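*Asks:* Put together the whole structure using the sequences plus the hints.
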Amino acid sequence: MTDQTPLVRIEGLSKHFGETVALQDLTLDIAQGEFVTFLGPSGCGKSTTLRILGGFERPTKGRVILDGEDVTGQPPERRNVNMVFQDYALFPHMTVAQNIAFGLELKGMGKADIKRRSDEIMSFLELDAFGSRYPLQLSGGQRQRVALARALAPDPALLLLDEPLGALDAKLRGQVQQELKSIQRRTHKTFFFVTHDQEEALTMSDRIVVMNKGRVEQDGTPEELYFRPASRFVAEFIGETNLLSGHVRGTEGDKVVMDWEGTTLKGKAPARVPGEGQPITASVRLEKLGFHAERPQTANAVQGRVVSKTFLGSRMSMQIAVGDKGDALLKAYVDAETGQSVGNDPVWIGWEADNMAVLND
Amino acid sequence: MNNRPELFRGNRIFLACIYWAFVLYVFVPLILMVLMGFKDSKFIGFPIRSWTLDWYTGVFADAEVISTFGYSVAIAVLSTLISIFVGTWIAVLLEGRKFTGRGVTFGLTVLPALVPGIISAIAFRIYARYLGIEPGMGAIIWAHAVHNVPFVVLVVMARLSTLPKSQIEAARDLGADPLVAFMRITLPYLVPAILGASIFCLLLSFDDFVRSFFLGGYDPTLPVLIFAKLRSGMSPEINAIATVALVLTAAIGIWAERFTRRMNKEN
Numbered sequence: 017m018t019d020q021t022p023l024v025r026i027e028g029l030s031k032h033f034g035e036t037v038a039l040q041d042l043t044l045d046i047a048q049g050e051f052v053t054f055l056g057p058s059g060c061g062k063s064t065t066l067r068i069l070g071g072f073e074r075p076t077k078g079r080v081i082l083d084g085e086d087v088t089g090q091p092p093e094r095r096n097v098n099m100v101f102q103d104y105a106l107f108p109h110m111t112v113a114q115n116i117a118f119g120l121e122l123k124g125m126g127k128a129d130i131k132r133r134s135d136e137i138m139s140f141l142e143l144d145a146f147g148s149r150y151p152l153q154l155s156g157g158q159r160q161r162v163a164l165a166r167a168l169a170p171d172p173a174l175l176l177l178d179e180p181l182g183a184l185d186a187k188l189r190g191q192v193q194q195e196l197k198s199i200q201r202r203t204h205k206t207f208f209f210v211t212h213d214q215e216e217a218l219t220m221s222d223r224i225v226v227m228n229k230g231r232v233e234q235d236g237t238p239e240e241l242y243f244r245p246a247s248r249f250v251a252e253f254i255g256e257t258n259l260l261s262g263h264v265r266g267t268e269g270d271k272v273v274m275d276w277e278g279t280t281l282k283g284k285a286p287a288r289v290p291g292e293g294q295p296i297t298a299s300v301r302l303e304k305l306g307f308h309a310e311r312p313q314t315a316n317a318v319q320g321r322v323v324s325k326t327f328l329g330s331r332m333s334m335q336i337a338v339g340d341k342g343d344a345l346l347k348a349y350v351d352a353e354t355g356q357s358v359g360n361d362p363v364w365i366g367w368e369a370d371n372m373a374v375l376n377d
Numbered sequence: 047m048n049n050r051p052e053l054f055r056g057n058r059i060f061l062a063c064i065y066w067a068f069v070l071y072v073f074v075p076l077i078l079m080v081l082m083g084f085k086d087s088k089f090i091g092f093p094i095r096s097w098t099l100d101w102y103t104g105v106f107a108d109a110e111v112i113s114t115f116g117y118s119v120a121i122a123v124l125s126t127l128i129s130i131f132v133g134t135w136i137a138v139l140l141e142g143r144k145f146t147g148r149g150v151t152f153g154l155t156v157l158p159a160l161v162p163g164i165i166s167a168i169a170f171r172i173y174a175r176y177l178g179i180e181p182g183m184g185a186i187i188w189a190h191a192v193h194n195v196p197f198v199v200l201v202v203m204a205r206l207s208t209l210p211k212s213q214i215e216a217a218r219d220l221g222a223d224p225l226v227a228f229m230r231i232t233l234p235y236l237v238p239a240i241l242g243a244s245i246f247c248l249l250l251s252f253d254d255f256v257r258s259f260f261l262g263g264y265d266p267t268l269p270v271l272i273f274a275k276l277r278s279g280m281s282p283e284i285n286a287i288a289t290v291a292l293v294l295t296a297a298i299g300i301w302a303e304r305f306t307r308r309m310n311k312e313n
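Top line first, the protein sequences correspond to chains A and B.
17 is the number of the first residue of the first sequence in my numbering; add one for each residue after it.
47 is the number of the first residue of the second sequence in my numbering; add one for each residue after it.
Source of the hints: derived by calculation from the structure; they are not laboratory data.
Quantities reported herein were computed from a predicted structural model and do not represent experimental measurements.
C-beta: ideal position from N, C-alpha, C; glycine also.
One thing to keep in mind: the hints can contain errors.
[Claimed, not checked] Derived PhoX-like pairs (lysine-lysine); straight-line CA-CA distance at most 25 Å: (1) A:Lys347 / A:Lys284; (2) B:Lys211 / A:Lys123; (3) A:Lys347 / A:Lys304; (4) A:Lys284 / A:Lys271; (5) A:Lys271 / A:Lys304; (6) A:Lys77 / B:Lys144.
[Said to hold, decoys possible] One-sided and incomplete, this derived list gives chain B residues near chain A with beta-carbon spacing under 10 Å: (7) Pro210; (8) Gln213; (9) Asp219; (10) Leu220; (11) Ala227; (12) Arg230; (13) Ile231; (14) Pro234; (15) Tyr235; (16) Val237.
*Replies:* See below:
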């Protein structure tokens with residue numbers, strides 16, 4: 017295998033459940049060693065994709081090619097793919113060591129090899145002390161690690177993770193996110209992670225595929241998705257943003273000029289720019305808005321009045337009423353000191369054209 | 047406000063009285079039966095002037111009683127093994143994939159538990175003759191097994207419905223084919239239910255009179271033997287036999303109930 021050949025190639029994958037279309041013509045390559053996250057709301061097709069990769073669902077159409085071999089019709093037990101289940105699915109009547117050895121036994125490994133491999137993976141995941149415990153005697157975080165150890169033990173080409181952090185409390189989740197990412201780096205395994213939590217996706221992934229209604233909305237690095245969302249759905253789903261709905265006035269190079277609440281704004285053009293006078297939406301992130309006493313030199317500037325402030329510690333969240341009638345609201349993050357100095361007087365809000373993405377719906 | 051606790055207390059006393067009256071109603075006949083087994087006289091009835099263990103020594107020395115007891119136990123064990131095997135199989139089938147005729151299959155499976163004993167006994171008798179099955183141990187085991195299958199199916203299905211689907215998927219994911227996944231994951235999960243159902247089947251079979259009576263050959267089962275002895279007149283010996291059977295079945299039943307409850311809690 018050269019580096020150019022993708023580990024997984026998904027070709028025209030579709031899945032219908034009766035009348036419902038769960039997945040629509042998905043085509044995608046996953047490279048060896050990538051941490052890919054499928055992100056989207058429930059029913060977007062992310063779990064269906066995962067279950068097809070695991071062999072638990074047959075696609076209605078399309079193929080899955082793993083390591084150059086067509087595995088579309090193969091049952092789960094014959095695929096070199098393992099999964100960490102949402103509820104971990106640890107076997108309650110087996111100890112931690114027996115759970116981890118299960119996949120190795122079924123691979124036909126000898127007793128000594130099983131012991132060596134289990135010990136190796138248990139010390140790697142710091143589970144040495146728990147080998148003889150039963151799953152019910154462990155905490156949520158420990159169970160999660162056992163599930164991971166069990167799935168990694170048979171050395172799969174691809175590891176599937178089905179929202180494995182959903183059952184953990186918020187504090188532990190952050191810690192486990194870091195752990196997972198570092199385990200993935202150290203093992204050089206290809207991780208296929210499914211979640212509806214955008215923050216989780218941003219922190220861990222090399223690449224995020226945003227899904228909506230069975231289709232890919234956008235496929236890119238976390239930075240691309242955050243700063244250059246391809247659609248209104250992606251802009252709203254990832255992070256917090258201001259969505260400005262206006263009308264197209266024209267284009268200037270790679271920028272779109274638009275009318276919004278009586279002001280002319282400039283932003284980065286999307287793939288297709290609608291004709292003049294057509295409705296259009298632009299997205300600008302909360303932290304990209306600057307506060308000024310005088311009209312700033314930025315490409316975009318509007319005057320408004322702060323209507324509410326929320327102190328968040330290191331920064332403040334502000335709501336600014338702008339527009340002809342003052343009924344359009346902008347949200348912005350500023351550092352706490354600037355936030356405190358802003359009073360009831362009108363302020364100028366400015367941002368650069370490069371920080372605003374004009375979107376296709 | 048002040049008289050409410052009083053009212054409540056009165057209610058509780060009333061309920062307690064009813065409860066104890068019911069307990070008395072249920073247990074007095076049993077207690078009388080046990081007491082008569084210790085009476086030093088052939089006639090059943092009060093007063094008991096002197097006590098004896100002779101009836102019990104007689105029972106344990108009676109080769110017929112002992113062999114009948116063994117015969118009943120053998121029938122119970124064999125019919126239970128068959129019911130467990132068939133019942134578990136049907137439960138797995140019904141709880142798995144949806145298929146056409148699932149409702150009908152379930153209905154037919156449960157039916158034997160609903161048919162009155164005397165009617166099913168007569169039906170078994172006619173059917174056995176039609177099939178050429180001789181009355182005797184085989185016929186009794188067959189009838190008991192069929193009668194007990196529904197209980198196994200219901201108990202095992204209830205347990206099976208609580209097995210998360212991901213357990214089997216995890217086993218398959220780790221390389222187990224459907225059979226290995228069943229043997230190593232599903233079956234261990236079903237053990238408490240299977241044990242509970244087994245005890246229930248053993249007791250049902252051991253206790254059965256009607257089917258054993260209609261399908262029996264020359265050798266009686268314990269209930270049939272008791273019935274036969276009754277026809278030649280009531281004697282404290284019967285009380286002694288019945289007491290031993292009562293103590294044994296109650297002990298097994300209570301132990302099994304506690305055991306399965308503990309196992310269910312652990313899983």
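*Asks:* For every hint, state whether the structure bears it out.
*Replies:* Tested hints:
1. Proposed proximity of Lys347 of chain A and Lys284 of chain A is supported: the alpha carbons are some 20 Å apart, at most 25 Å.
2. Distance restraint check for Lys211 of chain B and Lys123 of chain A: the Cα-Cα separation of roughly 22 Å lies within the 25 Å cut-off, and the hinted pair is therefore satisfied.
3. Proximity of Lys347 of chain A to Lys304 of chain A is assessed by CA-CA distance (about 10 Å); at most 25 Å being required, the pair is judged to hold.
4. This hinted pair checks out: Lys284 of chain A and Lys271 of chain A have alpha carbons roughly 5 Å apart, not beyond 25 Å.
5. Distance hint between Lys271 of chain A and Lys304 of chain A is fulfilled; the C-alpha atoms sit about 18 Å from each other, no more than 25 Å.
6. As the CA atoms of Lys77 of chain A and Lys144 of chain B are separated by approximately 24 Å, the hinted pair is consistent with the 25 Å bound.
7. At its closest, the beta carbon of Pro210 of chain B sits 6 Å from a beta carbon of chain A; the interface hint therefore holds under the 10 Å criterion.
8. Among the interface hints, the one on Gln213 of chain B holds; its C-beta lies about 5 Å from the nearest C-beta in chain A, closer than the 10 Å criterion.
9. The criterion of a C-beta within 10 Å of any C-beta in chain A is met by Asp219 of chain B, whose closest approach is roughly 5 Å, and the hint holds.
10. The interface hint given for Leu220 of chain B is met, as the beta carbon of that residue sits about 4 Å from the closest beta carbon of chain A, less than 10 Å.
11. Checking Ala227 of chain B against chain A by beta carbon gives a least distance of about 8 Å; that is within 10 Å, so the hint holds.
12. The interface hint given for Arg230 of chain B holds, since its Cβ lies 8 Å from the closest Cβ of chain A, which is under the 10 Å cut-off.
13. Taken as an interface hint, Ile231 of chain B checks out: its beta carbon lies about 6 Å from the nearest beta carbon of chain A, inside 10 Å.
14. The restraint placing Pro234 of chain B at the interface with chain A holds, with a minimum CB-CB distance near 5 Å, inside the 10 Å limit.
15. Taking 10 Å as the C-beta contact cut-off toward chain A, the hint placing Tyr235 of chain B at the interface holds, the least distance being around 7 Å.
16. A cut of 10 Å between beta carbons decides the hint on Val237 of chain B: the least distance to chain A is about 8 Å, and the hint holds.
Comparing the model with each numbered hint stated earlier shows that all of them hold.
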